[in-house]
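Novice: Below, each chain spelled out in residue letters.
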Amino acid sequence: MRMLLFLLSLLLTPMSWAQATPPLIDALATDDYAAKEQALTSLTETGDPSIVPALKALEGGTLYRRLADDKVVIGREDGDSITLTDPLSGAVLGTEPAGNLELIRVNNRLRRAIGASLGALTLRSPDAAVRQTAADAVFVSRDASALPLLDAALADEKDAKVKRSLEQARAAILLGDETLSTVGKLSAIATIADKGGQAALALLNPLTGSEDAAVAKAATEAVRLIENKLAWAAAAQNIIYGLSLGSVLLLAAIGLAVTFGVMGVINMAHGEMVMLGAYTTYVVQEMIRTHAPGLFDWSLLIALPLAFIVAGGVGILIERGIIRFLYGRPLETLLATWGLSLVLQQAVRSIFGPTNMEVGNPTWMAGAFQVGEVTITYGRMWIFLFGLMAFAALMLLLRRTPLGLQMRAVTQNRAMARAMGIRTARVDALTFGLGSGIAGLAGVALSQIDNVSPNLGQGYIIDSFMIVIFGGVGNLWGTLVGAMSLGIVNKLLEPMAGAVLGKILVLVGIILFIQARPRGLFALKGRAIEH
Amino acid sequence: MSRRQFLRSAVLSITGAALMLGTAGVALAADKPPIKVGILHSLSGTMAISETTLKDVMLMLIEEQNKKGGVLGRKLEPVVVDPASNWPLFAEKARELLAVQKVSATFGCWTSVSRKSVLPVFEELNGILFYPVQYEGEESSRNVFYTGAAPNQQAVPAVDYLIGEGVQRWVLAGTDYVYPRTTNKILEAYLKAKGVKAEDIMINYTPFGHADWQSIVKDIKKFGSAGKKTAVVSTINGDANVPFYKELANQGIKATDIPVIAFSVGEEELAGIDTKPLQGHLAAWNYFQSVKTPINAEFIKKWQTFTKNPKRVTNDPMEAHFIGFNMWVQAVEKAGTTDPDKVIDAMVGVAVPNLSGGYSAMLPNHHITKPVLIGEVQADGQFETVWKTPGLVAGDEWSDYLPDSKDLIADWRKPLSCGNFNTATGKCGAK
Chain A
1 MRMLLFLLSL LLTPMSWAQA TPPLIDALAT DDYAAKEQAL TSLTETGDPS
51 IVPALKALEG GTLYRRLADD KVVIGREDGD SITLTDPLSG AVLGTEPAGN
101 LELIRVNNRL RRAIGASLGA LTLRSPDAAV RQTAADAVFV SRDASALPLL
151 DAALADEKDA KVKRSLEQAR AAILLGDETL STVGKLSAIA TIADKGGQAA
201 LALLNPLTGS EDAAVAKAAT EAVRLIENKL AWAAAAQNII YGLSLGSVLL
251 LAAIGLAVTF GVMGVINMAH GEMVMLGAYT TYVVQEMIRT HAPGLFDWSL
301 LIALPLAFIV AGGVGILIER GIIRFLYGRP LETLLATWGL SLVLQQAVRS
351 IFGPTNMEVG NPTWMAGAFQ VGEVTITYGR MWIFLFGLMA FAALMLLLRR
401 TPLGLQMRAV TQNRAMARAM GIRTARVDAL TFGLGSGIAG LAGVALSQID
451 NVSPNLGQGY IIDSFMIVIF GGVGNLWGTL VGAMSLGIVN KLLEPMAGAV
501 LGKILVLVGI ILFIQARPRG LFALKGRAIE H
Chain B
1 MSRRQFLRSA VLSITGAALM LGTAGVALAA DKPPIKVGIL HSLSGTMAIS
51 ETTLKDVMLM LIEEQNKKGG VLGRKLEPVV VDPASNWPLF AEKARELLAV
101 QKVSATFGCW TSVSRKSVLP VFEELNGILF YPVQYEGEES SRNVFYTGAA
151 PNQQAVPAVD YLIGEGVQRW VLAGTDYVYP RTTNKILEAY LKAKGVKAED
201 IMINYTPFGH ADWQSIVKDI KKFGSAGKKT AVVSTINGDA NVPFYKELAN
251 QGIKATDIPV IAFSVGEEEL AGIDTKPLQG HLAAWNYFQS VKTPINAEFI
301 KKWQTFTKNP KRVTNDPMEA HFIGFNMWVQ AVEKAGTTDP DKVIDAMVGV
351 AVPNLSGGYS AMLPNHHITK PVLIGEVQAD GQFETVWKTP GLVAGDEWSD
401 YLPDSKDLIA DWRKPLSCGN FNTATGKCGA K
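Protein chains in written order, with my numbering: chain A, 1 to 531; chain B, 1 to 431.
Careful: at least some of the hints might be erroneous.
Derived contacts from chain B toward chain A, CB cut-off under 7 Å, selection only [unchecked claim]:
{"id": "1", "residue": "Ala-48"}
{"id": "2", "residue": "Ala-198"}
{"id": "3", "residue": "Glu-199"}
{"id": "4", "residue": "Asp-200"}
{"id": "5", "residue": "Met-202"}
{"id": "6", "residue": "Tyr-205"}
{"id": "7", "residue": "Ala-271"}
{"id": "8", "residue": "Thr-275"}
{"id": "9", "residue": "Thr-293"}
{"id": "10", "residue": "Ala-297"}
{"id": "11", "residue": "Asn-326"}
{"id": "12", "residue": "Asp-407"}
Output of the computed footprint for chain B on chain A, the stretches with three or more beta carbons under 8 Å from beta carbons of chain B [as the list claims (entries may be wrong)]:
{"id": "13", "stretch": "108 to 121"}
{"id": "14", "stretch": "402 to 410"}
{"id": "15", "stretch": "424 to 434"}
Straight-line alpha carbon distances no greater than 30 Å define the calculated DSS-like cross-link-like pairs of lysine-lysine that follow [claimed, not checked]:
{"id": "16", "chain 1": "A", "residue 1": "Lys-195", "chain 2": "B", "residue 2": "Lys-334"}
{"id": "17", "chain 1": "B", "residue 1": "Lys-229", "chain 2": "B", "residue 2": "Lys-218"}
{"id": "18", "chain 1": "A", "residue 1": "Lys-217", "chain 2": "B", "residue 2": "Lys-311"}
{"id": "19", "chain 1": "B", "residue 1": "Lys-192", "chain 2": "A", "residue 2": "Lys-195"}
Don't read these hints as lab results, they were simulated from the structure. Since the model is a prediction, treat every value here as computed from it, not as a measurement. Where is the CB? At the ideal position from N, CA and C, for every residue including glycine.
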């Protein structure tokens, strides 16, 4: 508060700010958070925009104390050593090994204060995008002392969008003022209501209980309108969440739709193929981190073919080594593959250790974007698209290639296929390898949203079987429709019944459905299904 | 035995045998018969992620004690068994440790359900179990020493800290099992006693390993937009945490808006996440690796040398085993024997240094005194302590905030010797 009051008194005559001096910055190098806050206050009081890089570094965890002389510097990691620059002038100060520096740490209270100062200090930046961020920061901090600053910025603002944000920030601050007149409050409510969304609700909700009847009425009306809009958004959001969950389920199940659906092998080790794909991603990322950090954003694309080869290769080994001796004996297959899944899990645990492995998100997978009031995260969107692409590719392979034709021929009538000169053993191995390889691809995608641990696959195996059976064994379209509808039903039930009960309801629903239609949504008809 | 069990136990016995071979060398070194110490932690299955580390830390502590000459002039011999995250198997393995291996003390268990599973075995065969994990309380057994935090040593101070930070609205999110449910029951009663209204508390449970947090995180965001400062108190356990935090980061919930304080997320769990977007989220523990004390620096160094991994992290349950093991050593030396009855009696009042700088003492209720720390996640996956209780907090086994247990106390000293003494009726065992 005090710091901003001082700040604005300086900034009202914009050219008169004090010079931020190195001793002021060096005061940040203390272990005591109260003292750090004090130092931040006196820094901000100078109103000198040249401290912005230092504040950003403090927020981003790149502001260090040089142990030799207690000087505060901005550091950039450069392999094992850290390149130092002066926080005020930006001059390069050479490099130091990490051991000679101590990071200046921040807590949440400081982070909020930094956000408020940065917002206030950059309100008049020449860059419109920076001004937009600054306006949003002031909207969040709602610091009354920033008001004259805002007014000054508003008077100069040319960009319509930024101007609107500034007005909204101003209204947000005004609403916090108890002494504001009814008229002033009503106009502020109108501005905020115009912004809409959760943030506006947070501001308007407390006002619905206002003693001033006119204000309470206007606020209640605004809240009602916003909530109406949000209700539609929430419904749309739930559907999107459902599709996103559905695409994850689809990815996990689609490989099984080949091994179990097409070949009829009850493969309990399917989840472990997914896990192998995720670990391949981890290994690829580790290699990239140590050898070519610049390629990190490509890591997933590099991992995709490798994961397919690793999981597919293991799949072929399993088929040649175990499953081919067990065709036609489902119970034994079930037990053998279950045991195999335990062996694979323990093997991975012995090689990589039992703890979770860190798989990073490339920049294009992180964050979210808004469509109206609906938030869509990039990671989920890419996984959704990837799921559909994997499905389409598999469909093409099975329907349009000679290999696909052979696969279908062998699974429909083995004896006849052999009589026609198809090498059935080879096709069996390839089909199983294909299903496993697709599971490996799923692992790359799942590594982005789930734990990369030896147990990764276990969480998906039940769901995968459920979807393949629900959709209709042997029918890929059924798997697609099954995964998507289960995802959506799950997400529509979850807000109403809670995650635990929602899951139970889905299971009960599926049991009842299977009772009524034992062959699932899209039952295959014909002789092949009879045995 | 079904084939499935057969396959599983075949795998396990091979791993087990390998471990036995590794430890057999120690036994030959001493002239007197060694003292056997049981280690009952899952090395396979879902809990291996957390428990394997505790097995390793026990092996390190035992190795060190042996370098110092063992206990009572006898070497210590670790007996490692793998209960494989399978609760009934915990009871079987506990029986094997006590009846076949005749161990003098056992260090083990992580989940409450595994502890409940072995409890009758330890009571029947009069063994000693050291339980190193924070738990829901509402229990005190003569044969168990609880070196992790009781709810008043973790959950309640954490909520106090957030109240001090101005939080008025609370999301209690947890995995659906006994620890989160009991802890949240205590917290709900505590918050209501502090004047928080029912509409300002949202309680949410999710299944184990819940991976799709989209709608729950959205609900939290919505709940947090009522114009009051909101925080999430998370008793989400194990594997579900990584997707939860990833979703928080993706939906842009920052610690400065809605902080999440976790009771089950430590340095080990963060090792699997990119922590940059999580900076400022909180955890409440009795120990952080970042604690700056000479004894902690030494412990971390030993651990990283022992595991041959200079990046290996330490965490709170490891410290609990460190405390528990040193307490046991001291109690055995004090009693001059490994006879369980005498050691159990000698345990109460034993005090050993903890890693946060200070001494932890064993209380008559078989819980210990510990400091409570609140830490914020840093970009490097460590916690920065932002708050600490001024002194040590004594573990309270029967919560004062639950109507069923507020009159109960435990005191295993003679002549009372009771784990659930009702101070209102003056009777033992009356709940």
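Novice: Taking the hints in turn, state whether each one holds.
Specialist: Cross-check of the supplied hints:
1. Ala-48: Interface hint status for Ala-48 of chain B: holds (4 Å vs cutoff 7 Å).
2. Ala-198: violated (17 Å)
3. Glu-199: violated (12 Å)
4. Asp-200: Violated - the Cβ of Asp-200 of chain B stays beyond 7 Å from chain A, reaching only about 12 Å at its closest.
5. Met-202: Violated. Min distance 11 Å.
6. Tyr-205: holds (6 Å)
7. Ala-271: holds (6 Å)
8. Thr-275: Interface hint status for Thr-275 of chain B: violated (9 Å vs cutoff 7 Å).
9. Thr-293: It is violated, given that the least Cβ distance between Thr-293 of chain B and chain A is near 14 Å, above 7 Å.
10. Ala-297: violated (14 Å)
11. Asn-326: At 26 Å from the nearest chain A Cβ, Asn-326 of chain B fails the 7 Å test, so the hint is violated.
12. Asp-407: At 32 Å from the nearest chain A Cβ, Asp-407 of chain B fails the 7 Å test, so the hint is violated.
13. 108 to 121: Since 5 is at least three, the answer is holds.
14. 402 to 410: violated (count 0)
15. 424 to 434: violated (count 0)
16. A:Lys-195 x B:Lys-334: Violated. Lys-195 of chain A to Lys-334 of chain B sits at ~71 Å, over the 30 Å cutoff.
17. B:Lys-229 x B:Lys-218: holds (16 Å)
18. A:Lys-217 x B:Lys-311: Roughly 59 Å separates the two Cα atoms, so the pair is violated.
19. B:Lys-192 x A:Lys-195: violated (35 Å)
Going down the numbered hints, you'll see the structure goes against 2, 3, 4, 5, 8, 9, 10, 11, 12, 14, 15, 16, 18 and 19, while the others check out.
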